[in-house]
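Trainee: Numbering of the sequence shown is given in this note's numbering, commencing with residue 44 and proceeding in unit increments.
Calculated directly from the structure, the hints in this document are not laboratory data. Even for Gly, the Cβ is constructed at its ideal location relative to N, Cα and C. Mixed in with the good hints there might be a few duds.
[As the list claims (entries may be wrong)] Calculated lysine to aspartate or glutamate pairs in the EDC-like style (CA-CA distance at most 16 Å, straight line):
#1 233 / 147
#2 178 / 88
#3 233 / 222
#4 229 / 216
#5 136 / 74
#6 129 / 198
#7 163 / 96
#8 141 / 96
[As the list claims (entries may be wrong)] The following label-pair restraints were derived from C-beta to C-beta distances:
#9 212 / 98: 46 to 52 Å
#10 240 / 99: 18 to 24 Å
#11 89 / 253: 22 to 28 Å
#12 158 / 88: 37 to 43 Å
#13 235 / 88: 24 to 30 Å
#14 181 / 214: 37 to 43 Å
#15 277 / 142: 22 to 28 Å
#16 171 / 238: 30 to 36 Å
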Amino acid sequence: MKEVLLGMIMLSFLGCNSTNPETGTLDAQKEILSHADYNIIFDNDTVEGTAIEILNAGNLEVTSGQIVVCDPLVMPNSKPLARSVKTGSYPVKLYVAKTEDAGDRFAIAKLEFNSNKAVKWVLALKAGEDVTELKQGDFFGFPVDAGLGAFFDYESGIAYNKLYEGIMRANPDGNIYDDLLAAEFKKSAKNPNDPNDYGDWVNFKVPKSNSNIIMFQSGYGDGTYPAYWGIDENGEVTSLVIDFFVLLASENEE
């Protein structure tokens, strides 16, 4: 059944993205689809023999409609995604894979705009990213070098960067994690009395603002990870997900 499903997904992918046989690169198209159907994770308690739990990380305040996905410690001034959404307050859900060998790992981070079911998952692009530069199976994603991913509104990013710069001016030898965020992450620790349990997510409220940034562990750690827009049967955006490659791996990732 798994092989049939993956085959259907890949046929959909190939149907929407033609390849130049001379260069191996994708021809310009409006969308690139994920190899995976993330509804498999959202709709089941167990996937590929791994138990799934849902962690509700709170609501993200979207004030400009421009969403940023990035490692908030390494590239907090990243460009927002090209597609905009309606302003509002939207829940963020973290889908936790209870792995046998590596403990709890965040497989998917989901920013949910409504409860409609997505029928396809379209690669989220930033302005200037050109799909004709990609070869078949490649993707645009965001680099992670501090083991974290995040969702935030572009305006929240401006407030966060001012805070970031202020901390660095006050203590050039310090860093925002040790000086501020470590104590906030610790609040999500399963065992607060365990000095090795640092916590793995935070709904960080930027001081002196109405902004927040929701940060979370990035699957198995550092790497480059894609985000996808969930599109419903009416062509409307229903969600934005980050795939940390913990579950539903493509053949190239296995």
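Trainee: Determine for every hint whether it applies to the structure shown.
Mentor: Here's how the hints hold up against the structure:
1. 233 / 147: 11 Å, holds
2. 178 / 88: 34 Å, violated
3. 233 / 222: Distance ~22 Å between residue 233 and residue 222 Cα, so the pair is violated.
4. 229 / 216: 22 Å, violated
5. 136 / 74: With a Cα-Cα distance of about 25 Å, the restraint between residue 136 and residue 74 is violated, given a limit of 16 Å.
6. 129 / 198: The given pair, whose Cα atoms are some 14 Å apart, holds under the 16 Å limit.
7. 163 / 96: Cα-Cα ~23 Å, so violated.
8. 141 / 96: Given pair residue 141, residue 96 holds - Cα atoms ~8 Å apart, limit 16 Å.
9. 212 / 98: 46 to 52 Å: 35 Å, violated
10. 240 / 99: 18 to 24 Å: 20 Å, holds
11. 89 / 253: 22 to 28 Å: 39 Å, violated
12. 158 / 88: 37 to 43 Å: 19 Å, violated
13. 235 / 88: 24 to 30 Å: 28 Å, holds
14. 181 / 214: 37 to 43 Å: 40 Å, holds
15. 277 / 142: 22 to 28 Å: 36 Å, violated
16. 171 / 238: 30 to 36 Å: Violated, since residue 171 and residue 238 (Cβ atoms, about 44 Å apart) do not stay within the stated range.
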